[in-house]
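As a plain string of letters, each chain reads:
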Amino acid sequence: MAFDRDLVRSVAEPILLHVVSKRPMYGYEIIKVVNEKTDGAFVWKEGTLYPCLHRLEGDRLIKSQWQKAESGRSRKYYSITPKGTVRLKGKLKEWSGFTAAVEAVLMAPVGV
Amino acid sequence: MDIRKRIDEIADGLTAGLESDPALRLDVRNEMASHLEDKIEETRQECETEEESVELAVKSFGSLPEIAEGLLQANRRRMTIHALIKWGIRVALVPAAIILVLFVVGGGFARLGNLFYAMEGNFMWSHGPDVGYPKNLSEDEALILYGDRSRDTESAGQKAIWEKHPESMVYYGNYISHLATEHDTDSTFFEKEVRRGIGLDPDNARYNLILVGNMLDRACELKRIDPVKKDSERTYELIIKDRDLLDEAFDEILKSKRKPHMKTYTREMLRKRLDILPTATRLTEQIRRIAMAAGCLLPDLLKHRQIERTAPPYADILISEGKKERAKEVLGLWYPLATRISDESFTLIEILVAFSVAKMSLSDQYQEIVKKLGEPGFAETQRIRAERIMAIHDGWREQKKKLQPTLEKELEESAGILTALLLPALGGDIPTEKELAPGRHLEYTLVEQSWALTLMLLMLFLMLAALVVVLRRRIGAGPDVRPLLILPSSKDLLRIFGMGVALPIAVFFLYTRISGLAGRHLSLSVNWCGLVLELLILGAVILYITTSMTADAVAARCHALGIAVPEEKSILRCYVFPILIGILGILWIVMVVFSRKYSRPMFSGGVGPVFLLMVIAGCILSSAPYFFVLLFGKKTLGQYYGTVARSLIPVFAGAVILVVLLTNPYLSCEETRLVQTDPVLAVGNKEYLGFTKLEADLVQRLKKEIKDTVKQIEAEE
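Top line first, the protein sequences correspond to chains A and B.
The working numbering applies: residue 8 is where the first sequence begins, and numbers increase by one.
The working numbering applies: residue 841 is where the second sequence begins, and numbers increase by one.
Keep in mind the hints are simulated off the structure, nothing from the lab.
One thing to keep in mind: the hints can contain errors.
The calculated PhoX-like cross-link candidates involving lysine-lysine, where the alpha carbons are at most 25 Å apart (straight line), are [stated by the list, open to error]:
{"#": "1", "chain 1": "A", "residue 1": "44", "chain 2": "B", "residue 2": "899"}
{"#": "2", "chain 1": "B", "residue 1": "1551", "chain 2": "B", "residue 2": "1241"}
{"#": "3", "chain 1": "A", "residue 1": "100", "chain 2": "A", "residue 2": "44"}
{"#": "4", "chain 1": "A", "residue 1": "96", "chain 2": "A", "residue 2": "44"}
{"#": "5", "chain 1": "B", "residue 1": "1164", "chain 2": "A", "residue 2": "70"}
{"#": "6", "chain 1": "A", "residue 1": "70", "chain 2": "B", "residue 2": "926"}
{"#": "7", "chain 1": "B", "residue 1": "845", "chain 2": "A", "residue 2": "75"}
{"#": "8", "chain 1": "B", "residue 1": "1211", "chain 2": "B", "residue 2": "1163"}
{"#": "9", "chain 1": "B", "residue 1": "1103", "chain 2": "B", "residue 2": "1163"}
{"#": "10", "chain 1": "A", "residue 1": "52", "chain 2": "B", "residue 2": "845"}
{"#": "11", "chain 1": "B", "residue 1": "1164", "chain 2": "A", "residue 2": "52"}
{"#": "12", "chain 1": "B", "residue 1": "1331", "chain 2": "A", "residue 2": "90"}
{"#": "13", "chain 1": "B", "residue 1": "1331", "chain 2": "A", "residue 2": "75"}
{"#": "14", "chain 1": "B", "residue 1": "1004", "chain 2": "B", "residue 2": "1081"}
{"#": "15", "chain 1": "B", "residue 1": "1211", "chain 2": "B", "residue 2": "1164"}
{"#": "16", "chain 1": "B", "residue 1": "1547", "chain 2": "B", "residue 2": "1240"}
{"#": "17", "chain 1": "B", "residue 1": "899", "chain 2": "A", "residue 2": "39"}
Computed beta-carbon distance windows for the label pairs [as the list claims (entries may be wrong)]:
{"#": "18", "chain 1": "A", "residue 1": "106", "chain 2": "B", "residue 2": "1474", "range": "38 to 44 Å"}
{"#": "19", "chain 1": "A", "residue 1": "104", "chain 2": "B", "residue 2": "1334", "range": "38 to 44 Å"}
{"#": "20", "chain 1": "A", "residue 1": "17", "chain 2": "B", "residue 2": "1316", "range": "29 to 35 Å"}
No residue lacks a Cβ here, since even glycine has one placed at the ideal position from N, Cα and C.
The following block holds chain B by itself, in its conformation from the complex (with noise of 0.2 Å):
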């Protein structure tokens, strides 16, 4: 008799009832047949012959029906316990695992997205709602901020803003901007739009100065004469094509002089737009006011260049017609055309148009006709004018000349890559690190959210690694060798996910965070490699700890359950990843080292796409090859190695979760406050409207200098 056959044919029988939990089947099973030899031992000594002990140790065992259904009835609730665990994990787990990576990836990705959308211009109001503008509008704040999408035109679409409110002016403002900016607009009927506005607006001098700038296109054309010289000190030759409607759009320019004001209400529209967009909580929200901002249509500014240019010629043909007095009027132009275009002003540009403006009076063609007026006073007067509000300008230009070495280090070294495009034209002071600070910590939490989002993918892909494995290790398995799905204790899972997923993320936390020495004062550009090293570490240490305390955690339950474990770990586990992560951690020395000692990256170029896919690939390894051994190792060990798969699935799953909710929510969080402290990129502020908030000061520096050199020059003359 085969005692052994003997024994597991009872142990089966006994726990037949149990079969719909392999696991605890077989341990109930190896339970059983434990005690059973030890009866057998016992009565081995009673007994003449191998077969009589058994059989009197089956004997003494007791009704064997009766103790399989005993031990149906114990196990019942532990069997229900486990199999509502298993569909759990099944039916809530793992899918809710699965959507939530592809929510969140797929959030972060379409972010991207629409960043990139917005960054290459497509931000126009027809574009709005395929740029992920809020939808939840009322009907007049969707007009407001699209206009009506519906017309043929950007400016008929505008011009549907106007018409639901007629009283408004800034409406009309707006419309006008639109209209001016579309080069196929027929002439009359430009023409037609802005006379309604010099009727509706009377005070404003802006339509006047647009109808101008139309009448100069069809009555005369400018022609450069040295284009070989700077812009502002170029010769214009006037060709003139009709005569009268020059002299009738100088009249328009006279005429608007004497108006109280010259708005636009290019600032008043914008504020009203940023008004209705909810605060921005995230970067891609931030910038996508910033291309609004951007966007603002400044149509005036080409017409204010074009009259400025024109007035020198035009005054000299009416020097040569003996028309003095309008001549000098006509030369006097720009001082009043200067100033309005300062106050009107919130943005860099406008202000140099000013100054362009002003810098036309001391041009040497401008002096050259002045001469010929024969009115030295008046010529003095002019070039006083234009030399204390040029001063303004020199002194802007002087000191951004001086600073910009320094600058421009400062930028790369201490700056966020937006921050470090936009500062150096706006040549203010050097930025403090308070300034600073906000945008470089902002783009290191993007990094931080893109590294969580592609560890949530590589976890996914180690699920569905994991789900090869099993289903390659269950082909051709009988029924008893079939992968087991044995969860680790919860004592264990909480091992697991403490110190392979929360530990971890603490640690990095407190070294990112509040040990001051991940080099957090430094640039992305200069510390990236740093920080890509770091997260890989980390990343790597995750997939490591968590993959081998479950394996080690599978094992001990296998051992017990009698299913062939390996003797020994593999050399994977004991020499591979240790030497990874040696490698990344003496590389992640050098770097850091090179770059606080260096203030610039190891790596640029070419060679740093090449590096990042050498360390991606080390990550991978960390547990890669782990699953490798479980999907080709030895055949004897396949239950073991299908085993480890399957239980690894619901605790990647697990440690999918929890790595969303222990960094998403303080990411997300710590994005829009830095999203919201950062002076560079904040945009309509109550306070101020411009570009940035360094911008708006300077632009408010620069303008209160000129206003308060026009006063000046007023009570001096």
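The following block holds chain A by itself, in its conformation from the complex (with noise of 0.2 Å):
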């Protein structure tokens, strides 16, 4: 299923966040995640993905690093800072009530 581009971009700040939360990654394997996770629900572009995470990184809400991998081939490797940390949390809460206030106009029953 498709999702509306905008729809796509707004969860993208807290997706990244969450995603590399959990473990340093790097881009490429960032989308590969996300699209897993979602079951290729979310198949995000290069052209979506990176400005994000420089946004992200400009804002010190996540961190990176370039490292070596075993193939001698050098990786640049996002994590969460402290301050992102406290982003994503918010995030989260905001997320939660947003979907629970949307959920409670467009599921419930017609006339009411």
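Hints in hand, dock the two standalone chains.
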């Protein structure tokens, strides 16, 4: 199912923060993990991912570090910062309240 | 198809918008390239050829222009911040560091220059403003301090002060003191001015005695008969040029005897001038105050000695003419003269002249002449008076002689250089540690200030050296391999400045001020080798740690950005610096043990400067070889070397500012505190007036003893 681009963009930040809060990940890996966890519902493009990652890094919500893999290739890994953890908690709370409010309206019986 | 080339093309295209920030662009570009490589590997399984897998990977990337635009927008804020930081470094930090260094160093050298200028004797009033005397003075204060510098002669300039304050006897006295020292003054004019003083200050015997000196110069000449004897035992022959004038001169002296007091106003004038000057906060200011006190004119002393030497042969002539009563008065003149000189004195030289006047009456010539008077009672009285006054002098000399070896050893081991110069002449008690400590510590503080200035200059020099490296590495380098400016992260900067600058300085402070291990109980002249080594080790450590930590941080970043970095640390960094520090450390231990065991320096004379030069060279070696590698190292590592050099410039600029902030205020305050508490150098204190407190105490003691002795003599007579 294809979702509205604006809707996807609006949840990119909390999803990214949540994903890198588990363990450090590089960009390609993040796309794969999100795709797997959403059963293919979210297929992020690089054009969505990297600008968001860089914005989050600029806001110091995540940090990056280049690491050399066993294959010899260097990859840039992202991990969450303490500031990012606080933002993530806030976003989760916000999302929880938002979805409950939307569901309360959208899922209510017709005529109520 | 060249896959690498294609990946690079795409990555370059995606990051074209970031070209104003080369380091960021390189970072993002490498990230995009890495992602593309992963993508290509994924699509390889679905495609038959490499070209297909590349194109599929690129297609699945999405719209490249949109991604490029997204990357630009996402990184715009960071680029702006980086640009601001670079601008700040270029426009503010580096120029601020340079200006600060030049200001502090310039101020330091200016003070040193003033110090040497003052110590060469250029401290007279006419040179005042050129030697950095305070400039924000009122017109009246400037006049009192300098006189009127527009007048033709020094004395005329001093007269201007009295002309503005005609009610003041102090200013007139000051004027006459200057007039008396100008040898080309017309004699008639001089006499007229001195007689005006007699009229203005009728109770003051001083002007009479000065007039007498002038008259004696014209009336007679003294010829030494026994030049081989010590000064006070010499015999003089009086060659009369004008007998009437000679008689008139002695009439004047006898007239002055009846006046209530003799005041030169030298002390009062010095007090006025010292009160105008602000309290000294720097050694150079204190030495200017000392120089001002030392520059006090005491022309009366020569006149007094002239009278003392002329009186006996003149009395002899009077006796031969049968004028015994007058001769008796003349022979008795030394006593009121000596006591008046003592009463008026505030310097040791004046007291010594008083003693010299008294001693004249114990000379063989005087004794013979007094015998001719035929009044044994009078002769006995003069002898007893003189002996009792001279007993004070002899007691002081005896004490000085007895304590001299101990005093000189104590001063050599524990006193400052100025203290060691001034105190032996005083011959007072052995100074206590409390009295010696401030002067001694002041010298250490001054050396530390000089070290801080030298370190700042060295860092400035290294910034220039780094700039040369950057320019060298830029020449011929393509746009993709030009040196970048990579600022270490805030955490790394904190570590660099903390461990590289603040920590070594803090350790040095604890070692020298708190631990008691630094040998600060020893004079600088004994401990200078150890101190120089300690400071140079400190400087070498600061330079090395700052340079190497910055280089490590930059190397890590360069490696992450894909810039070629050396595989191993250079031999210089691994071995040369540790060996250098090891050698300096061993030398320091040897110096310290030697100087503390034997209480004298290990090196002196010409070996000292050579040793110093070697150690300074050693300090420079802590950083210079590294710059040699940066400048002449492999071309393949050129971008890395250039980046390290370029990144060192702001770090050194920051380090310079930090060194100034950590050292200048503290050392300036310490200098002020020591200058104001040093009893040797403190001059013009409210409680006393003199060159030094120690001299003032001695003079007061001798004056009191003379006064008490005179009281006793008069009570017994």
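State the violated hints by number, sorted upward, taking the hints as numbered earlier in the document.
2, 5, 9, 11, 14, 18, 20
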